[in-house]
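Note that the numbering used here has the sequence shown beginning at -17, numbered continuously upward.
Calculated directly from the structure, the hints in this document are not laboratory data.
A hint or two may mislead.
Across the chosen pairs, the derived CB separations fall in these ranges [claimed, not checked]:
id	residue 1	residue 2	range
1	4	90	15 to 21 angstroms
2	64	17	16 to 22 angstroms
3	-2	51	17 to 23 angstroms
4	115	51	36 to 42 angstroms
5	84	19	27 to 33 angstroms
6	72	112	19 to 25 angstroms
7	81	55	24 to 30 angstroms
8	89	12	28 to 34 angstroms
9	48	12	22 to 28 angstroms
10	88	7	19 to 25 angstroms
11	16	81	26 to 32 angstroms
From a predicted model like this one, the values you see are computed outputs, not experimental measurements.
Where is the CB? At the ideal position from N, CA and C, for every residue including glycine.
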Amino acid sequence: MSIEDVEVGNQEVRLHLGDAPVQLPEPVAELARVVAANRKGHATIGALAPSPWLFPGGQPGRPISTTQLTQRLNNLGIRPNQARSTALFQLATEIPAAILARTLGIHTDVAVAWQRLSAGDWATYAAEVSRRTTS
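The task is simple: from the sequences and hints, build the whole structure.
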């Protein structure tokens, strides 16, 4: 994930994970602001240009590995795999599989599987969206 994937505005923070940016809720938005402003890594020490990565790794021009980032988060008591599964499960109960797949950039079959596991009832989804007000 690069620093360009985090859009920090005056009052909101958006994360670009797919085609449409996701607005981060507080306190996650504040964490993203802090990480984007203070990112550090071995690759940034003595570098001529700032690293484009949100989580710079040990080699210049390369991000931190998934394994290393997971280990760091686990050391802080954050379980990213559990959080990801919980978030996917919740989304699958609220939106149709096709929209879930397109929004997150996952295969439709995976989104359908999550939909079945969550027993999401999205038959009224279109009606709920049509009642939303734009403000």
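Q | Index of numbered hints that the structure contradicts, given in increasing order | A | none
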